[in-house]
Amino acid sequence: MKMRNSTYWIFLAPCLLALAMVLILPFFQGVYYSFTEYNGFEVTEFVGLDNYIKLFQDDQFLYSLLFTGGFSVASVIGINIIGLLLALFVTQKMGKFNTVFRTIFFMPNLIGGIILGFIWQFIFLKAFEGIADLTGLDFFKGWLADTETGFWGLVILFIWQMSGYIMIIYISFLNNIPDELIEASTIDGANVWQRFWKIKFPLLAPAFTVSLFLSLSNAFKVYDQNMALTAGGPFSSTQMATMNIYDSAFKVQEMGYAQAKAIIFLLIITVISVIQLYMTRKRETDL
Amino acid sequence: MKKNVIKGLGTALLLSGLLVGCSSNSSGGDGGGKVVVDVFNIKVETKDQLEAMIEKYESENENVDINLTTVGGGQDAASALQAKFSSNEEPAIFLLGGLSDAEKYQKYLLDVSDMESAKTAIDGTLQGSTIDGTPYGIPLNIEGFGWMINKEIFTSAGVDPASIASYDDFVKAVETIDSKKEELGLEAVFGFSGKEDWVTSQFSNHFTAPEFDNDLNVAYESTELTYKYGDRMKEYTDLINQYNVQPILSLDYSTSVEELFINDKVAIIHQGNWIVPSLDSIDPTFSQEKLGILPLYVSGDDEGFISAGPSWFWGINKEKDEEVVETSKDFIDWMYTSDYGKQQIVEEFKYIPAHDGYDIESITDPVSKEVYQMLLDEKARVWAHNQHPNGFGSTAFFPEYQKYLNGDISWDEFTATTSSKFTEMR
Chain W
1 MKMRNSTYWI FLAPCLLALA MVLILPFFQG VYYSFTEYNG FEVTEFVGLD
51 NYIKLFQDDQ FLYSLLFTGG FSVASVIGIN IIGLLLALFV TQKMGKFNTV
101 FRTIFFMPNL IGGIILGFIW QFIFLKAFEG IADLTGLDFF KGWLADTETG
151 FWGLVILFIW QMSGYIMIIY ISFLNNIPDE LIEASTIDGA NVWQRFWKIK
201 FPLLAPAFTV SLFLSLSNAF KVYDQNMALT AGGPFSSTQM ATMNIYDSAF
251 KVQEMGYAQA KAIIFLLIIT VISVIQLYMT RKRETDL
Chain X
1001 MKKNVIKGLG TALLLSGLLV GCSSNSSGGD GGGKVVVDVF NIKVETKDQL
1051 EAMIEKYESE NENVDINLTT VGGGQDAASA LQAKFSSNEE PAIFLLGGLS
1101 DAEKYQKYLL DVSDMESAKT AIDGTLQGST IDGTPYGIPL NIEGFGWMIN
1151 KEIFTSAGVD PASIASYDDF VKAVETIDSK KEELGLEAVF GFSGKEDWVT
1201 SQFSNHFTAP EFDNDLNVAY ESTELTYKYG DRMKEYTDLI NQYNVQPILS
1251 LDYSTSVEEL FINDKVAIIH QGNWIVPSLD SIDPTFSQEK LGILPLYVSG
1301 DDEGFISAGP SWFWGINKEK DEEVVETSKD FIDWMYTSDY GKQQIVEEFK
1351 YIPAHDGYDI ESITDPVSKE VYQMLLDEKA RVWAHNQHPN GFGSTAFFPE
1401 YQKYLNGDIS WDEFTATTSS KFTEMR
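Listed in order, the protein sequences are those of chains W and X. Each residue of the first sequence is one higher than the last, beginning at 1 in the numbering used here. Each residue of the second sequence is one higher than the last, beginning at 1001 in the numbering used here.
None of these hints come from the bench; they were simulated from the model. Some clues are possibly wrong.
[To be verified] Restricting the straight-line Cα-Cα distance to at most 27 Å, the calculated cross-link-like pairs of lysine-lysine (BS3-like) are: (1) Lys1265/X to Lys126/W; (2) Lys126/W to Lys1342/X; (3) Lys141/W to Lys1403/X; (4) Lys1403/X to Lys54/W; (5) Lys1180/X to Lys141/W; (6) Lys1043/X to Lys1228/X; (7) Lys1181/X to Lys141/W.
Values in this document were obtained by computation on a predicted structure and should not be read as measured data.
Please put together the full structure from these sequences, using the hints given.
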């Protein structure tokens, strides 16, 4: 037993050490900096809770949090619906096309956020403008130039990027549903619609836990897509919380203040994720 | 159990030793007996030219190895520099944007006053890097900005650019061109990039520099922005917005310059002479035949100014090893005072030199010459907006200005909000 213990710790050590160095230490350092005035080089003053008091009066920060929340809700719903539909589609009997479609749908996930941002910027600005000129539809005009189209632009981009990834998770769970169950329900006279809602859907509950968690936490942490697509514009109205934090740190150079914002942001994500995990876990059913 | 903990700690120490070993190897200044100088460049437009310059220098000085990092374009280069410093990868030579940068990095910065390239700098150009009488940076070049115009469009519309001598003339010219935009094939008169925070900041400089007595130190120390010339700024803004390509808020730099302006789709943009190399790479005849610059009429109706001055300064990191510092000094001096360097600066970089002893006639494009002439004639304002509080231009001024352009707030709200932000952020 003793032997097992020591090898256990030795094998764990590199991982623990790496975690400590890149996550745990910086985290506590960050908490400390959030109570100070810090310019990136040196701590100039210990200000206690001032940074935290200030951020609750910072309209732009509160707005960014709300905007990020709205964005997350819209994209989580979108990603999961589309991801599930894609998964249902590629699990049909199509022979070789299954793999082809899976690859195609997963592909956007392999492209980096910045590149995606620029691709979609081109689509929204140039391609949409072209469609507008051809068809005369006002709908395609002036995308990304106001808050609303900026918001939906970001949501569309993010859904496009994440759906393929979430699809993979749904596929694996769909494949795990025993054929007997499906067969039995067919014999009992259930149609496609009933089979999906009464059989597959409840059995997919664990997949929802994972997919919702992944899409939710990723949606909250979006930065590069935001940066490349709208850069927060117009007038900072599509600025996500992460970008707001980055701006206070590197543009206004108030590192301590930015750190305080980051801590609050971390708390919010943690609370939301824990609630979500708790709620969806409860719904999971066993066979 | 205790033994296990000790073993674990031992492994940890060993590993951390390895990691530290790695990092000290890579950051050592003597990679293979060579002097390694890291240069942090922000001028993305002249990256290739700088690389060529470095290659030439390396071939002349075989024991020197210069690593160039270029960050710029759409990214926030100042943040990248700060990140370099925060991660202890301080470059040996880097660009300072103005007095606040000089103050921020002051403890790293070498007093450059005994360098040859500081002695030959044109009078006044060191001001933007001087704290308490000590210069901390060598001016990179002179850059001037104002209305960049397509003279051909002006002439086709029947307006002689040289005849514009007052604000009213300018408005008339804009209206005349607008009335003929169909036959000229224009999309709009202006191609103002309302998406770029630096463009709006530069635009504001014409109106804030005179408020600060056209003096960088006054601008740097000022705790308030009163918009003394705000009325004229509003008039110009409304004029732009009325005759601009819409939506103005999503018009970015490259669309404005590399698509609309060069293809004769807009007649006027707000830019500076730094666009010349990009224009040349698309159409070399454009800057020779069509490009012109017009001043703004701010403090008086018939006295026009552009803004011109050194935009950036080369700072040298004195915390580096002695030989790295010496090499850095030598490289900068060589770049600005050797015959080869001078020729490159003017002909390849297409810079307007900030140093004496250059042959002005060798400046190849007419606009750069014009900017230089206006600077000498004192028809140019300083770059006061670089001395505003950190982040003011991009996080306070820019969003409010966009709101005004979009019609969401009134001009009074705009000036009130940004003024109070200015004081708060200082």
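So, going through the hints one by one against the coordinates:
Only pairs whose Cα atoms come within 27 Å are accepted, and Lys1265/X paired with Lys126/W is accepted, the gap being roughly 16 Å. With a C-alpha separation of about 42 Å, the suggested pairing of Lys126/W with Lys1342/X is violated against the 27 Å cut-off. For the suggested pair Lys141/W and Lys1403/X, the alpha carbons sit about 19 Å apart, so the restraint of at most 27 Å is met. Proposed proximity of Lys1403/X and Lys54/W is supported: the alpha carbons are some 24 Å apart, at most 27 Å.
In summary, the hint linking Lys1180/X to Lys141/W is supported, as the alpha carbons are separated by about 25 Å, within the 27 Å threshold. At most 27 Å may separate the alpha-carbon atoms for a hinted pair to count; Lys1043/X and Lys1228/X exceed this at roughly 32 Å. Between the alpha carbons of Lys1181/X and Lys141/W the distance comes to roughly 21 Å, so the proposed pair stays at or under 27 Å and holds.
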